[in-house]
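Trainee: Sequence:
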Amino acid sequence: MSRTIGANQVFLSIQDPAKLAQNPNMHLTDEQQKAVEAPLDAPVLVIAGAGSGKTELMSIRVLWLIANSLALPQDILGLTFTRKAASELAKRINNGIARLEQTEYWPAELTTTGYSLPTISTYNSYANSLFRDNALALGYEPEAALLTDSSAYQLAKKVVLNFGNELGVQLDEVDLTLKTAIDGVLKLAAELNDNLATGEDVAAVIAELKRQIAAVPTKKEKLAATHADFFAGAFKTEVLVLLAEQYRREKLLQGYVDYSDQVALAERAVREIDSLRDTERELHKIVLLDEYQDTSYLQTSFLRALYADHPVFAVGDPNQSIYGWRGASATNLNEYVETFSTDKAKPVTQLKLSTSWRNPKVVLDVANVISQPLASLAPFQAERGIAATEVVQLQARDNAPEGKILVDWQEDIVSEAKGVASWVKDKLTESNGQASAAVLFRLKAQMALFVSELENQGLDVDVVGLGGLLEMPEIIDLVSALKVVHSPSAGAALVRLLAGPRWRIGAKDVARLHRYAKSLAKKQSEDIWDLVEGNLGSDYDASIVDALDILVDSKLESIYSMSADSMSRLRDAGMLLRQLRSQTGLALVDFVKYVAKELQLDIEVAANPRRINPMAHLNSFFSLVAGYASAGPNYLGAFIEWLDFAQTREKLEVPTAPGRKGVVQVLTVHAAKGLEWDFVAVPNLIQDDFPKKPRSSKGWMTAGVLPYPLRGDRLSLPEHSLKNVSVEADFKRAREEFTSDVNVYLEREERRLAYVAFTRPKLELRLSGSKFKSTATEQDPSNYLLEVVATRDPRVDVLGATTPYELPGYESETNPLLAHALTAVWPSDPLGERHRVKVEAAAAEVQASIEQGAPASTPDALVAQINTDIDSLIREVTVREVSATRVKLPVRIPASRFKDFVKDPAKLAEQFRRPLPEKPYEATMTGTLFHLWVEQRYGLVSNAEALDAQDALARIDELSPEVLETLQSNFETSRWAKLQAREVETEIQVTIAENTFICKIDAVFDVPESDNELAGKTVEIVDWKTGVSPKTPEEIAERALQLALYRMAYSRRHNIPEQQIAVCLYYVAENVALRPEVPSTTELISLWNSVLENLETV
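First residue of the sequence shown: 1, per UniProt numbering; consecutive thereafter.
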């Protein structure tokens, strides 16, 4: 019998009582209620605007279905894009089910029969499971290896080099570089998969294009150069697709699949295996599809083949369709309306969510202005029969603040960057470090400048993604060194190193080194001839890298009048690089860390007074190298090639952690989708940057682009037609019409990016641009910036405006940065202007003290001094004898060992003298697995090194599954299961005296204001323990030492008073939480000093 429980009843039943008490009028909006209670007799599409609570909506929908006995939990399938999003959705749903189970709305039959949780996964993971279950029927091995980006690059390179030779003249004719050819092969292979097309299909389309061109009479024997150049890219694609098909065959032969293969093969399985569709529909009676606007044609075809005319609940926002470069189509939602229901009597139900729970009112009003042109189809799409979808105008929530938008148009980009940094500093200071902030870029080119200015303000900066990371100075130095070690042709990278703070080689000396390299190449003397023949070979060409290495062993006192000091520094550089080359046999990760250490980059960034978290960029790069080495070819040359390639490709790079309080995240708009911060700045709002100037307006006439007629979303794409071309002059008209439509299509994608960027802030938005970047060319303000100003909204504050609601004008005809640049000094001062003043002042004090000198020595005083020296030498010998048996503590010590040093320093000293490897305890392996589960549950990624779970996972069969299930079950009943973690598995280093303690903090939570138990606390640090809890006061006090270190480290890192930080030990197996009294920072330091004193006597 059907029950009638309303969506609002379900929603309110799972809310925290304290939250309800604070907001007694809490309820679902009418739009939310209609969506949750949408009938199951037809597919549903919910158009949900930015910040409208899509995840919350889907979780309440699931609970409403369960409460009304319309679905069992195990019958529900939820799909989304990223693992983080899947984890967040699963957490919401699973926590909701646990709470619903405690209410009167829980179905009685589930109490009797029990249940399993819904299946929540990513689109690719779900497709992969279907592929592997049916792999043998498709001619694949179920354990086919997943091809990573780095491995795909190497395989594509092999195909281009090997199979390209077989093509002979054809490959020569297309005149592509190796890098361009590899990029084209990888893109084409993915597009063939994503659109269910083949190389034969491409050849047929291009053959038809050639036929149509040939049918038009021309004045000369050949087509005019202008027209021929326009079609040239498509003809190159004809050759590239042969390589792409060979690449696909090589994948199959070598037993590899990539992400697009997973979906393509799953779609094929649905088509070819009759029973599969019915099996999946029976297994998943209810289907939820999140972020549907980001699906590709292949994914929509796969899902439609499985679940058309099924109870499907899809949620998406066409205005946030920003991943066109990876196959997504902005008209996917239109296509869903048209094809997911084949019964005209039961069309797709269209609903919408227009209330934003994130943004202030002014941000929503501006976002609606920006998105207005997207409310209707593009002119070239209008007559193609594309189904219409609901149009959403964002509305503010009840009691939403009016908000404020700052618009700043500066004369030059440096002034703009300083303005952004100052604004972020002010906002975080006003919030006492309790707010989050982000700076969002359309292009990565100017990231480094803005990061530098943010660090000048003393801010903690987190640069997200490979592209931005490679713009950071220390990473540029590190990569330059890797290139120099690997290749003698890396001259530009060597100049970067030589001109840097380590060696400070000037321009004239660099020129002299180059001249020396040329003299070696020409073998201008017998001595040089012997050097070259003996070291470099007879075919040597000029290389300053090799010249520097030869200079190390040369007996020359100078080259071309170079100073002795410069010669010394060059030889020092050459010796270091030679030393680095001698270590290339190390594992890639170890070698990269070794290079960074020998370049003293860690010391350089640590000494930089602007850096709050000095090792952040280097640690991120080390993690990137580790990720590459785990899957890609583990040698230096391949890694450098992949870096150069990956840097130029669009890639979805997401933060390892959500916005943290007091930290500024710097990332691209693509990576910012789905995230939010309190304060957001969007700089570089100038034409050709944002919106970005298209690389090409030629559409599929560009080399390596799949012909639009083969695209699954071809109805939404510009059409190139030669049907009305009868004479050669008509080619121009057809070309101009097509390129105009392509530009419109690309501008709409840029507009959607602007909409995403502008809707990220919860409190305030700052938009900026500048008249000049680093060149003499003047820049025009972005159309999007002008549209914001044109609203004439009093909540939009145009800084420096002389006329209301107009950008300030600047009369300068030349870039002021260029005039300043004429006085720059190279090499630059390694200390910097401001820091040098402090260092020189300290040096002056020391020198003054030295010059004052000591009183003149009398003969008796001289004898006394000699006796003192003798005594000192005797003591030194004694100390050496004792030191031979005395323990030397490691510099880095795990925080968990602190208590052991305090309790029994003699025992610890003996362990360090004679270290023996210990076999991991079963409890350790269980703990490792539990930590991994918690990390996945919260959808957060550790900032520490990856947990070493391999041994534990290999022996998992020896562990009792009930143990892990008990841990997980207990955790779900804890207070933390209902909270969103601020950080998980985060590593912070804190130093006392000469030792650095490694604090690997399990989890950090913000303390809710309603939490009476932790009144006065703003943050809680929790350490999960899977063992037995301590019983005696002494044991509890020992465990408290580790918590004290964690509190000290977190307080220093985030500038939070330690009195506001709560700490807790949670023994999960026993469901016991301990909150011991912990020593203060002063007491900790005193304790450690005592340990060091005790070790002196051990």
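Any given hint might turn out to be false.
Said to hold, decoys possible - Computed list of lysine-lysine pairs in DSBU-like fashion (alpha-carbon distance at most 30 Å, straight line):
no., residue 1, residue 2
1, LYS210, LYS34
2, LYS692, LYS187
3, LYS19, LYS1031
4, LYS220, LYS978
5, LYS404, LYS220
6, LYS210, LYS220
What the hints assert, rightly or not - Across the chosen pairs, the derived CB separations fall in these ranges:
no., residue 1, residue 2, range
7, ALA137, ALA225, 47 to 57 Å
8, SER740, SER129, 57 to 67 Å
9, GLU719, THR791, 31 to 41 Å
10, THR198, GLY637, 25 to 35 Å
These are calculated hints, taken from the structure and not from any lab test. For every residue, glycine included, the Cβ atom is placed at its ideal position computed from N, Cα and C.
Trainee: Given the hinted pair LYS210 and LYS34, is their alpha-carbon gap at most 30 Å?
Mentor: Between LYS210 and LYS34 the Cα gap is close to 54 Å, so the pair fails against 30 Å, i.e. violated.
Trainee: Is the hinted range of 31 to 41 Å satisfied by the C-beta distance from GLU719 to THR791?
Mentor: At 35 Å between Cβs, range holds.
Trainee: Is 47 to 57 Å a correct range for the gap between the Cβ atoms of ALA137 and ALA225?
Mentor: holds (53 Å)
Trainee: With the threshold set at 30 Å, check whether the alpha-carbon distance from LYS692 to LYS187 stays at or below it.
Mentor: holds (21 Å)
Trainee: Quick check on a hinted range of 57 to 67 Å for SER740 and SER129, using CB atoms only.
Mentor: violated (45 Å)
Trainee: With the threshold set at 30 Å, check whether the alpha-carbon distance from LYS220 to LYS978 stays at or below it.
Mentor: violated (76 Å)
Trainee: Can you confirm whether the C-alpha distance between LYS19 and LYS1031 stays at or below 30 Å?
Mentor: violated (36 Å)
Trainee: For a C-alpha distance cap of 30 Å, please report whether LYS404 and LYS220 respect it.
Mentor: violated (63 Å)
Trainee: LYS210 and LYS220 were given as a pair; does the straight-line alpha-carbon distance stay at or below 30 Å?
Mentor: With a Cα-Cα distance of about 17 Å, the restraint between LYS210 and LYS220 holds, given a limit of 30 Å.
Trainee: Do the Cβ positions of THR198 and GLY637 conform to the proposed distance bound of 25 to 35 Å?
Mentor: Between THR198 and GLY637, where Cβ atoms are some 34 Å apart, the hint holds.
Taken one by one, the earlier hints fail for this structure at numbers 1, 3, 4, 5 and 8, listed in ascending order.
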